[in-house]
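Novice: Sequence:
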Amino acid sequence: MKISKKILASLVMAASVAMVSSTAFAAPKGEAEVKAAIENTLAGITAAQEASKAGDLSGISKAIGDARQAQKEFRFEGTERQRQKANDKLRAAREAFEAGDTATGDKGLAEALKSFTEMKAVYDATHK
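In terms of the numbering used here, the sequence shown is residues 2 to 129.
Take the hints with a grain of salt, since some may be wrong.
Pair by pair, the computed Cβ-Cβ distance ranges are [said to hold, decoys possible]:
hint, residue 1, residue 2, range
1, H128, K108, 26 to 32 angstroms
2, E119, E32, 33 to 39 angstroms
3, S59, K86, 23 to 29 angstroms
4, V35, A111, 33 to 39 angstroms
5, T105, R82, 39 to 45 angstroms
6, D57, H128, 32 to 38 angstroms
7, M14, K115, 48 to 54 angstroms
8, A126, S59, 33 to 39 angstroms
9, K63, A122, 33 to 39 angstroms
10, G31, E99, 29 to 35 angstroms
11, A122, A33, 28 to 34 angstroms
12, T47, K86, 18 to 24 angstroms
With a straight-line Cα cutoff of 30 angstroms, these simulated DSSO-like cross-link-like pairs (lysine-lysine) come out [claimed, not checked]:
hint, residue 1, residue 2
13, K36, K3
14, K63, K36
15, K108, K90
16, K3, K73
17, K129, K54
18, K36, K115
19, K86, K73
Just so you know, these hints were derived from the structure itself, not from any lab. Beta carbons: idealized from backbone N, C-alpha and C, even for Gly.
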(Lines of atoms letter the chains of each structure in order from A and count residues from 1; the text may use other names and numbers.)
(Lines give C-alpha, C1' and ligand atoms only; values in the text may rest on other atoms or scores of the structure.)
Protein backbone atom coordinates (compact mmCIF):
# COMPACT_ATOMS: atom_id res chain seq x y z
CA MET A 1 0.00 0.00 0.00
CA LYS A 2 2.80 2.42 0.90
CA ILE A 3 4.59 1.66 -2.36
CA SER A 4 1.46 2.27 -4.45
CA LYS A 5 0.90 5.62 -2.68
CA LYS A 6 4.50 6.62 -3.41
CA ILE A 7 4.15 5.59 -7.06
CA LEU A 8 0.84 7.47 -7.38
CA ALA A 9 2.34 10.57 -5.74
CA SER A 10 5.35 10.38 -8.07
CA LEU A 11 3.12 10.13 -11.13
CA VAL A 12 1.01 13.08 -10.01
CA MET A 13 4.13 15.17 -9.40
CA ALA A 14 5.62 14.22 -12.76
CA ALA A 15 2.38 15.10 -14.54
CA SER A 16 2.13 18.47 -12.82
CA VAL A 17 5.77 19.32 -13.62
CA ALA A 18 5.21 18.38 -17.27
CA MET A 19 2.08 20.53 -17.44
CA VAL A 20 3.78 23.54 -15.86
CA SER A 21 6.85 23.17 -18.05
CA SER A 22 4.83 23.17 -21.28
CA THR A 23 3.05 26.40 -20.37
CA ALA A 24 6.28 28.03 -19.20
CA PHE A 25 7.91 27.47 -22.58
CA ALA A 26 4.91 28.57 -24.63
CA ALA A 27 5.13 31.91 -26.44
CA PRO A 28 3.35 34.74 -24.67
CA LYS A 29 -0.16 35.24 -25.98
CA GLY A 30 0.20 38.95 -26.74
CA GLU A 31 3.60 38.76 -28.42
CA ALA A 32 2.13 38.05 -31.86
CA GLU A 33 -0.24 41.00 -31.49
CA VAL A 34 2.60 43.35 -30.56
CA LYS A 35 4.68 42.19 -33.54
CA ALA A 36 1.69 42.65 -35.85
CA ALA A 37 1.15 46.16 -34.45
CA ILE A 38 4.69 47.32 -35.22
CA GLU A 39 4.58 45.72 -38.68
CA ASN A 40 1.26 47.45 -39.42
CA THR A 41 2.66 50.75 -38.18
CA LEU A 42 5.70 50.49 -40.45
CA ALA A 43 3.46 49.49 -43.37
CA GLY A 44 1.20 52.49 -42.74
CA ILE A 45 4.12 54.91 -42.71
CA THR A 46 5.51 53.38 -45.90
CA ALA A 47 2.07 53.66 -47.53
CA ALA A 48 1.91 57.32 -46.49
CA GLN A 49 5.31 57.95 -48.06
CA GLU A 50 4.18 56.30 -51.30
CA ALA A 51 0.95 58.33 -51.29
CA SER A 52 3.04 61.47 -50.77
CA LYS A 53 5.14 60.67 -53.81
CA ALA A 54 1.92 60.18 -55.79
CA GLY A 55 0.45 63.44 -54.44
CA ASP A 56 -2.59 61.69 -52.91
CA LEU A 57 -3.51 63.83 -49.87
CA SER A 58 -6.45 61.68 -48.79
CA GLY A 59 -4.28 58.57 -49.10
CA ILE A 60 -1.61 60.21 -46.95
CA SER A 61 -4.09 61.09 -44.22
CA LYS A 62 -5.64 57.62 -44.24
CA ALA A 63 -2.27 55.85 -44.15
CA ILE A 64 -1.01 58.05 -41.30
CA GLY A 65 -4.26 57.47 -39.43
CA ASP A 66 -3.89 53.71 -39.89
CA ALA A 67 -0.29 53.86 -38.66
CA ARG A 68 -1.28 55.90 -35.61
CA GLN A 69 -4.01 53.42 -34.74
CA ALA A 70 -1.68 50.44 -35.14
CA GLN A 71 1.07 51.97 -33.00
CA LYS A 72 -1.29 52.12 -30.03
CA GLU A 73 -1.07 48.34 -29.76
CA PHE A 74 2.73 48.38 -29.75
CA ARG A 75 3.31 48.48 -26.02
CA PHE A 76 6.82 47.69 -24.89
CA GLU A 77 8.18 49.28 -21.74
CA GLY A 78 11.67 49.78 -23.13
CA THR A 79 10.46 51.95 -26.00
CA GLU A 80 7.31 53.58 -24.63
CA ARG A 81 8.64 57.14 -24.53
CA GLN A 82 10.16 56.78 -27.98
CA ARG A 83 6.79 55.48 -29.25
CA GLN A 84 5.05 58.57 -27.89
CA LYS A 85 7.57 60.89 -29.57
CA ALA A 86 7.28 59.01 -32.87
CA ASN A 87 3.50 59.27 -32.67
CA ASP A 88 3.86 63.03 -32.20
CA LYS A 89 5.98 63.10 -35.38
CA LEU A 90 3.24 61.26 -37.25
CA ARG A 91 0.63 63.72 -36.01
CA ALA A 92 2.81 66.68 -36.98
CA ALA A 93 3.45 65.15 -40.40
CA ARG A 94 -0.27 64.76 -41.05
CA GLU A 95 -0.88 68.35 -39.98
CA ALA A 96 1.91 69.52 -42.30
CA PHE A 97 0.42 67.63 -45.26
CA GLU A 98 -3.02 69.06 -44.51
CA ALA A 99 -1.48 72.55 -44.42
CA GLY A 100 0.15 71.92 -47.80
CA ASP A 101 3.73 71.67 -46.50
CA THR A 102 4.81 68.41 -48.13
CA ALA A 103 8.51 68.89 -47.36
CA THR A 104 7.89 69.05 -43.62
CA GLY A 105 5.39 66.21 -43.87
CA ASP A 106 7.86 64.00 -45.74
CA LYS A 107 10.56 64.82 -43.19
CA GLY A 108 8.23 63.89 -40.33
CA LEU A 109 7.32 60.59 -41.99
CA ALA A 110 10.99 59.74 -42.50
CA GLU A 111 11.79 60.52 -38.84
CA ALA A 112 8.82 58.47 -37.62
CA LEU A 113 9.79 55.54 -39.85
CA LYS A 114 13.34 55.64 -38.52
CA SER A 115 12.12 55.78 -34.93
CA PHE A 116 9.64 52.91 -35.30
CA THR A 117 12.26 50.83 -37.11
CA GLU A 118 14.64 51.36 -34.17
CA MET A 119 11.89 50.35 -31.73
CA LYS A 120 11.20 47.19 -33.72
CA ALA A 121 14.90 46.32 -33.58
CA VAL A 122 14.95 46.79 -29.80
CA TYR A 123 11.81 44.70 -29.38
CA ASP A 124 13.11 41.94 -31.67
CA ALA A 125 16.43 41.83 -29.82
CA THR A 126 14.68 41.23 -26.50
CA HIS A 127 12.10 38.77 -27.85
CA LYS A 128 14.07 36.13 -29.69
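Novice: Please flag the earlier hints that this structure goes against, numbers listed from lowest up.
Specialist: 2, 4, 5, 9, 11, 13, 16 and 17
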